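*Asks:* Go ahead and model the full structure; you've got the sequences and the hints to work with.
Spelled out, the chains give:
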Amino acid sequence: MKNPFETDERRAFRESVARFVARDIAPYADEWDEAGEVPWELHLKAGALGLFGFGIEEKWGGLGFDDCFMRAAASQELGGCGASGVFAALGARNISVGPIAALGSDEIRAAVLPEVLSGRESSALAVTEPSGGSDVANLRTRARRDGGDYVLDGEKTFITGGMKSRWFVVAARTGGPGLGGISLFLVEAGAPGFSRAAMTRKMGWWASDQATLRFEGVRVPARHMLGPQDRGFLAIMHNFNYERLNMVAACVGMARRCWRDALDWARQRSTFGKPLIERQVIRHKFAEMSARIDAVESYLHMICWQANEGAMPVPEVSKAKFLATKTLEFVASECMQAMGGAGYMRGNAVERTWREVKVMAIGGGSEEILRDLAARQMGL
Amino acid sequence: MKVLVPVKRVIDYNVKVRVKADGSGVDLANVKMSMNPFDEIAVEEAIRLKEKGVATEVVAVSIGVKQAQETLRTALAMGADRAILIEAAEDVTQDIEPLAVAKLLKAVVEEEQPGLVIAGKQAIDNDMNATGQMLAALLGWPQATFASELKIEGDHAVVTREVDGGLQTVKVKLPAIVTADLRLNEPRYASLPNIMKAKKKPLEVKTPADYGVDVSPRLTVVSTSEPPARKAGVKVADVAELVSKLKNEAGVL
Ligand SMILES: Cc1cc2nc3c(=O)[nH]c(=O)nc-3n(C[C@H](O)[C@H](O)[C@H](O)COP(=O)(O)OP(=O)(O)OC[C@H]3O[C@@H](n4cnc5c(N)ncnc54)[C@H](O)[C@@H]3O)c2cc1C
Chain L
1 MKNPFETDER RAFRESVARF VARDIAPYAD EWDEAGEVPW ELHLKAGALG
51 LFGFGIEEKW GGLGFDDCFM RAAASQELGG CGASGVFAAL GARNISVGPI
101 AALGSDEIRA AVLPEVLSGR ESSALAVTEP SGGSDVANLR TRARRDGGDY
151 VLDGEKTFIT GGMKSRWFVV AARTGGPGLG GISLFLVEAG APGFSRAAMT
201 RKMGWWASDQ ATLRFEGVRV PARHMLGPQD RGFLAIMHNF NYERLNMVAA
251 CVGMARRCWR DALDWARQRS TFGKPLIERQ VIRHKFAEMS ARIDAVESYL
301 HMICWQANEG AMPVPEVSKA KFLATKTLEF VASECMQAMG GAGYMRGNAV
351 ERTWREVKVM AIGGGSEEIL RDLAARQMGL
Chain R
1 MKVLVPVKRV IDYNVKVRVK ADGSGVDLAN VKMSMNPFDE IAVEEAIRLK
51 EKGVATEVVA VSIGVKQAQE TLRTALAMGA DRAILIEAAE DVTQDIEPLA
101 VAKLLKAVVE EEQPGLVIAG KQAIDNDMNA TGQMLAALLG WPQATFASEL
151 KIEGDHAVVT REVDGGLQTV KVKLPAIVTA DLRLNEPRYA SLPNIMKAKK
201 KPLEVKTPAD YGVDVSPRLT VVSTSEPPAR KAGVKVADVA ELVSKLKNEA
251 GVL
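Here the protein sequences line up with chains L and R, keeping their order. The opening residue of the first sequence carries number 1 in our numbering; numbering runs sequentially from there. The opening residue of the second sequence carries number 1 in our numbering; numbering runs sequentially from there.
Do not take every clue at face value.
Derived DEER-like restraints, expressed as beta-carbon distance ranges [stated by the list, open to error]:
#1 Glu288(L) x Arg183(R): 44 to 50 Å
#2 Lys32(R) x Arg346(L): 31 to 37 Å
#3 Met378(L) x Lys32(R): 35 to 41 Å
So, partial list: chain L residues that the calculated Cβ filter (under 7 Å) puts toward chain R [claimed, not checked]:
#4 Phe5
#5 Glu9
#6 Ala12
#7 Ser16
#8 Arg19
#9 Phe20
#10 Leu44
#11 Ala48
#12 Gly50
Hints in this document: simulated from the structure, not taken from any laboratory. All values reported here derive from a predicted model rather than from experimental measurement. All residues carry an ideal CB built from backbone N, CA and C; glycine is no exception.
*Replies:* Shown next as structure tokens:
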């Protein structure tokens, strides 16, 4: 379908990313997912292509402009590479550079952003704790002021990019209970008292690294606080909008990829003497899936348009995310059903996507939490 | 040295081409179009020459429909310095034949005075493999076609050519025409910063009349047909049966 918001630059960018994915990622997606990592060179290639750095000034290595359509295009194409763990491995920096660029001092920006946006280093966002991820307002990691430093104690878990990142944007409690007592800090891996452990046994996203991080009396200079003290919660929420938008786009890419692969199969597979795709029950599955994916994609375009115009439409971003993950869940399941046993075997994108549905539905704000957020935002 | 690179907007190499029911040609309505892959290789080679300090300017030229601007923008985003579009066709079904393209390019060469023209060896739509050679003939310049390696040595180009059964190295005096084969290089992706910069690079729009060239077709397409469908193979039980079939049925042994 034609997109009324298409421009020459958006089309050119999407084509560049699509070719990058087709040439430099898709042929290796299986292998990297099984290996549990992507070669670091991929971060550099993605950086050179300009996949990072939307909304960040050129002097810090950013693109010097923002465009939600392009953000979405990059996520959608990466999502369709056949292993969305690759999207996660590259994308950890995307969910953490926002607060660094918006709230860090020039000294911090200069030290961190060029390295991270070029792909030479990575950064990660550390909000979730063993005691809970949904209830961000009640996180427990503490940051206590001590002279010119803050001293961090606590634990973070499920942190994407946790093993390979050099820089962490860490949410910690500086004030009283609730959302008014949270601040953000930039912590460098290797600081005394910082330790991390890989979480390797997981359902999906194998190509990316998740970690539990431990902070035991980690001293962070006060100038490494990102933004004003006790105002971290809003910054986290603001940052979530872009993460969610990217996840919606990735879901569209993942769903389209499954749909295409399963359709190829249904065209070639013959049962009871006829190609599978000629069976009404199967054809209708593909029609239904296609309609739902188109709907999410169109919704995404409207959100991108509005976000470009000025204010991020928060209720719509929330709604689009759970709509996208529910759609992906449906598509992955129906595609596997159409493929039968072959879909169930490891080494194909449908099987992998089926295992990746839940991280999309839980991470970055779970379906339940986002329905609730949307309801509140709409004033229900 | 200035390098001129002609680029053609063609049906994308990933598109499954369909022949029109009346056999008058292939269906081009709403089909994805891209830069001819061999031309991309040519652009890449020219940019590399510039990066090595051998070339000073890279100029991309396209001849065709208005939308070929997009193709030129791609060349600019890859790293070409400026572009010239010669709007010679009203719509995509009107293909400009190699001789007309070569005549237009000759006129551009006379105006621009490049030291080297790098073209794709052929366009993947009509597979003519003629434009570079015709241009060389019209200009009276030496040519080195099917290049898999290109080196500039003083006022000569040393070109390795892919020929049947091996490689041939030729040395041609500049200015010359080189046509690019698949293995010459792996073209880069246009990065987002460069896509945005390409917007501001100059793109001049001309018409064939500006160069006094008549582009009316001289060739008539008699018919277009799908390649014959491949017949299903047969399985043989053993080597003996295979040999017997090759001998008695295929008659190749
Ligand atoms: C692979 C992976 C990567 C991740 N990467 C990161 C990362 O990079 N950085 C980071 O900070 N976090 C990351 N996370 C954590 C993720 O954000 C959390 O898992 C998520 O926010 C949910 O938190 P939780 O797991 O603690 O579940 P809980 O908050 O314990 O929730 C459990 C279930 O209860 C539901 N629930 C919770 N509260 C309510 C309520 N009030 N009403 C109804 N239902 C409710 C939830 O929707 C969920 O279904 C990652 C998670 C995974 C799995």
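*Asks:* Taking the hints in turn, state whether each one holds.
*Replies:* Outcome of the hint check:
no.: 1; hint: Glu288(L) x Arg183(R): 44 to 50 Å; verdict: holds, 45 Å
no.: 2; hint: Lys32(R) x Arg346(L): 31 to 37 Å; verdict: holds, 33 Å
no.: 3; hint: Met378(L) x Lys32(R): 35 to 41 Å; verdict: holds, 40 Å
no.: 4; hint: Phe5; verdict: violated, 16 Å
no.: 5; hint: Glu9; verdict: holds, 5 Å
no.: 6; hint: Ala12; verdict: holds, 5 Å
no.: 7; hint: Ser16; verdict: holds, 4 Å
no.: 8; hint: Arg19; verdict: holds, 6 Å
no.: 9; hint: Phe20; verdict: holds, 5 Å
no.: 10; hint: Leu44; verdict: violated, 12 Å
no.: 11; hint: Ala48; verdict: holds, 6 Å
no.: 12; hint: Gly50; verdict: holds, 3 Å
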